[in-house]
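Visitor: Below are the chains, spelled out letter by letter.
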Amino acid sequence: MSDNEYSGLSCPIPISEYPHVLLAHGGGGKLMHQLIEKIFTATFANPMLETAHDGAVFKADSDRLAFTTDSYVVDPLFFPGGDIGKLAVDGTVNDLAMCGARPLYLSCGFIIEEGFSMDSLWKIALSMKQAADEAKVSIVTGDTKVVDKGRGHGLFINTAGIGSIGHDLTIAPSMVQPGDAVIVNGDIGRHGMAIMAHRESLSFETTIESDCAPLADTVMRLLDEDIEIHCLRDLTRGGLAASLVEIASVSGYRIAVEESKIPVVDQVRGACEILGFDPTYVANEGRMVIFVPKKEAEKALAVLRDQGLWPEAAIIGRVGDERTGIVTMKSLIGAERIVDMLSGEQLPRIC
Amino acid sequence: MRYVDEFRDHEAAVRYVRQINRITTREWTIMEVCGGQTHAILKSGIDQLIPGKINLLHGPGCPVCVTAVELIDRAIAIASKENVIFCSFGDMLRVPGSSKDLISVRAEGGDIRTVYAPTDTIRIAYENPDREVVFFGIGFETTAPANATLVYQARQMNLKNLSILMAQVLIPPAMEAILSAPGNNVMGFLAAGHVCSVVGYDDYEHIVSKYNVPIVVTGFEPLDILQGIYMTIAQLEEGRAEVENQYRRAVRREGNITAQKIMGEVFNVVDRRWRGLGLIEKSGLALIHKYAEFDAEIRFGVEQLTAEESTECISGLILQGKKKPYDCPVFGSLCTPEYPLGATMVSSEGACAAYYRYRKEGTESIKQSGGKERP
Amino acid sequence: MCLAVPGKIESIESDDALSRTGKVSFGGILKEVNLTLVPEASVGNYVLVHAGFAISTVNEEEASQTFEYLHQIEELGQSGESD
Numbered sequence: 017m018s019d020n021e022y023s024g025l026s027c028p029i030p031i032s033e034y035p036h037v038l039l040a041h042g043g044g045g046k047l048m049h050q051l052i053e054k055i056f057t058a059t060f061a062n063p064m065l066e067t068a069h070d071g072a073v074f075k076a077d078s079d080r081l082a083f084t085t086d087s088y089v090v091d092p093l094f095f096p097g098g099d100i101g102k103l104a105v106d107g108t109v110n111d112l113a114m115c116g117a118r119p120l121y122l123s124c125g126f127i128i129e130e131g132f133s134m135d136s137l138w139k140i141a142l143s144m145k146q147a148a149d150e151a152k153v154s155i156v157t158g159d160t161k162v163v164d165k166g167r168g169h170g171l172f173i174n175t176a177g178i179g180s181i182g183h184d185l186t187i188a189p190s191m192v193q194p195g196d197a198v199i200v201n202g203d204i205g206r207h208g209m210a211i212m213a214h215r216e217s218l219s220f221e222t223t224i225e226s227d228c229a230p231l232a233d234t235v236m237r238l239l240d241e242d243i244e245i246h247c248l249r250d251l252t253r254g255g256l257a258a259s260l261v262e263i264a265s266v267s268g269y270r271i272a273v274e275e276s277k278i279p280v281v282d283q284v285r286g287a288c289e290i291l292g293f294d295p296t297y298v299a300n301e302g303r304m305v306i307f308v309p310k311k312e313a314e315k316a317l318a319v320l321r322d323q324g325l326w327p328e329a330a331i332i333g334r335v336g337d338e339r340t341g342i343v344t345m346k347s348l349i350g351a352e353r354i355v356d357m358l359s360g361e362q363l364p365r366i367c
Numbered sequence: 616m617r618y619v620d621e622f623r624d625h626e627a628a629v630r631y632v633r634q635i636n637r638i639t640t641r642e643w644t645i646m647e648v649c650g651g652q653t654h655a656i657l658k659s660g661i662d663q664l665i666p667g668k669i670n671l672l673h674g675p676g677c678p679v680c681v682t683a684v685e686l687i688d689r690a691i692a693i694a695s696k697e698n699v700i701f702c703s704f705g706d707m708l709r710v711p712g713s714s715k716d717l718i719s720v721r722a723e724g725g726d727i728r729t730v731y732a733p734t735d736t737i738r739i740a741y742e743n744p745d746r747e748v749v750f751f752g753i754g755f756e757t758t759a760p761a762n763a764t765l766v767y768q769a770r771q772m773n774l775k776n777l778s779i780l781m782a783q784v785l786i787p788p789a790m791e792a793i794l795s796a797p798g799n800n801v802m803g804f805l806a807a808g809h810v811c812s813v814v815g816y817d818d819y820e821h822i823v824s825k826y827n828v829p830i831v832v833t834g835f836e837p838l839d840i841l842q843g844i845y846m847t848i849a850q851l852e853e854g855r856a857e858v859e860n861q862y863r864r865a866v867r868r869e870g871n872i873t874a875q876k877i878m879g880e881v882f883n884v885v886d887r888r889w890r891g892l893g894l895i896e897k898s899g900l901a902l903i904h905k906y907a908e909f910d911a912e913i914r915f916g917v918e919q920l921t922a923e924e925s926t927e928c929i930s931g932l933i934l935q936g937k938k939k940p941y942d943c944p945v946f947g948s949l950c951t952p953e954y955p956l957g958a959t960m961v962s963s964e965g966a967c968a969a970y971y972r973y974r975k976e977g978t979e980s981i982k983q984s985g986g987k988e989r990p
Numbered sequence: 371m372c373l374a375v376p377g378k379i380e381s382i383e384s385d386d387a388l389s390r391t392g393k394v395s396f397g398g399i400l401k402e403v404n405l406t407l408v409p410e411a412s413v414g415n416y417v418l419v420h421a422g423f424a425i426s427t428v429n430e431e432e433a434s435q436t437f438e439y440l441h442q443i444e445e446l447g448q449s450g451e452s453d
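Chains as they are written, first to last, in my numbering: chain R, 17 to 367; chain Z, 616 to 990; chain A, 371 to 453.
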């Protein structure tokens, strides 16, 4: 959310009284109830949450459900294109979408460091509400804890999500077949470089924003068009490379991609060049790889590009019939090399 | 990106490879000295495209790989002290010392920060007047002017809480050490282009006349390397041994005079121990007496710390081009990027790491076929 | 040694006795770079940047040399074959 969108709204807990979160706000007493009611319940606003019970109770509309969880520790908490709250909602929504599920309900656990700005907490809650509305999910249950100053990095969030699966497809790496097209829904590397731009001493000026976005709607559109999706994977830490390596390894087939076909915008390229990063290993938050049979590839691309949804969507490679379980990349000058996962994070290099 | 993309052009690369094939009639062994070139070669797959008669060796051109174990241990000793903010380039953090690396010091509570430029530490020292800020000054000649500027500016600003752990090394003495080692089979060099941007290439003339090997100053993009290989092979095939400059858009014979001046103001040449290669005379830079107050080894009293190198790691032989990573008995088994035994596996420019990352699948078949490059 | 990237000087930010710095563009991102080592470089020039320092200007005329050289050796090859 930009600053403009916050104007006109004010933090429901009077800043003059409690500008910072105190240990007491996690203590189970009045202050905690006030915090939960005013910051979370009022903001997330849905009937299930308002029952204020220990858990949310609902009927499932399908006998196949998907269930996922993730924790968010991003630093800085607010970055161009998003914040930890938006990340927490979109990330879990996307994990459900990768199973081919329609996301329905989210839980949300907050671990807040004593002294955290109340205004920031509220802004994050607002951002989560907006992300939830965009993804058509409700946050129906949650938990709040406050830890001593120094024991948390401002704020950590855990979200878990439940979605329902209304089709018969099995969407998983084991369903990948030789000949499948490998499609990516847009250019890669934005999230990681947007964060990197604000790291002290590595900073640079850029308009790169995180690509943090919900993918569930896109997956539903592909399913609605009866596209036979074999596998989906959202590209988070470890980047495009990590996802492809994992899928190749589980499926047992070779995945062959071409460097020249992988979309990367200029600013992300420039940032990667000066730090010595490879964009295929940089984190994303609104990107996925989609494996479909070769004959469905053009149709899938058309759905992705329709109405300006994902204009940079591209076929970046295909699944081979060799049972080697590795990923190969054809370099810009035409030679093939093996792509592997990195052991840790990419570090800026001078060499 | 201008001056980058054109040098990655597929069609021109294919044409260069065709020309290299045309002129190569015999087996030649050439060495590229720079880690950045190793990385570019393996990432773009140049080693797969050039004829099998050309044996491309990867030399000790990665300052991360060649920093002596005892210097890493001294860095760790300093970084582990209370009140120290230890600043370093990112690629040094995972290099193993005798028993651990800087990342584990961070996990144990040390304040270790990655910086992009050496001079970033000046701001950190300014903002933390009660703490000691130390910079790990590694690098070849390319980084020397930046490291020199750090010290020079610290003196101008009268900063009392900033110091540098000197680990600077120089390339030409290492090239000579390789050429003069018994059993050397290097016949030509691709010299490190960015080193020459700074210091020029006059220094190579005496190497060429003494050892009769061609040296071609080469850039870092695929077309630069292919052109550099062509020029080296052309010399070898014609029986010439000269210094030539492939990287003319970035290198002049005299180098960067302004950069050399600041280096001369702050540094003098000393003997230095290289990891895997041992002591090479006059191959390092140290602070001149005038700037001794900025020497972190003196300030923290760690000059006496020495270390033994791992016996299993053969990175020294790899850095000299005498062995390939897959010749190492522990390559890919005990020694992997996750559990590296030596620097050539840690640094992403190190030959072992590059081979592991880009060639893992092929190395088994390479080992079985007796070490030939291409299946 | 090694990682130095060409970028275009977009502005000079400071020019005092201690140092000269400017903003250099790499594919559209702007990074503050120390320009002290390239006193001859000005706005619009391309420089090679390593560890936050411009270590050399890019000689734009020489940049095409790699491609001219390729033409020359190809012609050499063809005339050699036709002998």
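One or more hints might be untrue.
Here are the simulated distance ranges between beta carbons [as the list claims (entries may be wrong)]:
hint	chain 1	residue 1	chain 2	residue 2	range
1	A	Glu430	R	Asp242	36 to 44 Å
2	R	Ser190	Z	Asp745	52 to 60 Å
3	R	Leu25	Z	Ser713	56 to 64 Å
Just so you know, these hints were derived from the structure itself, not from any lab. Even glycine gets a Cβ: it sits at the ideal position worked out from N, Cα and C.
Visitor: Against this structure, judge whether each hint is valid.
Guide: Hints and how they fare:
1. Glu430(A) x Asp242(R): 36 to 44 Å: Since the Cβ atoms of glutamate 430(A) and aspartate 242(R) sit about 54 Å apart, the hinted range of 36 to 44 Å is violated.
2. Ser190(R) x Asp745(Z): 52 to 60 Å: Given a distance of about 58 Å, which is inside 52 to 60 Å, the answer is holds.
3. Leu25(R) x Ser713(Z): 56 to 64 Å: 58 Å, holds
The structure fails hint 1 only (numbered hints given earlier).
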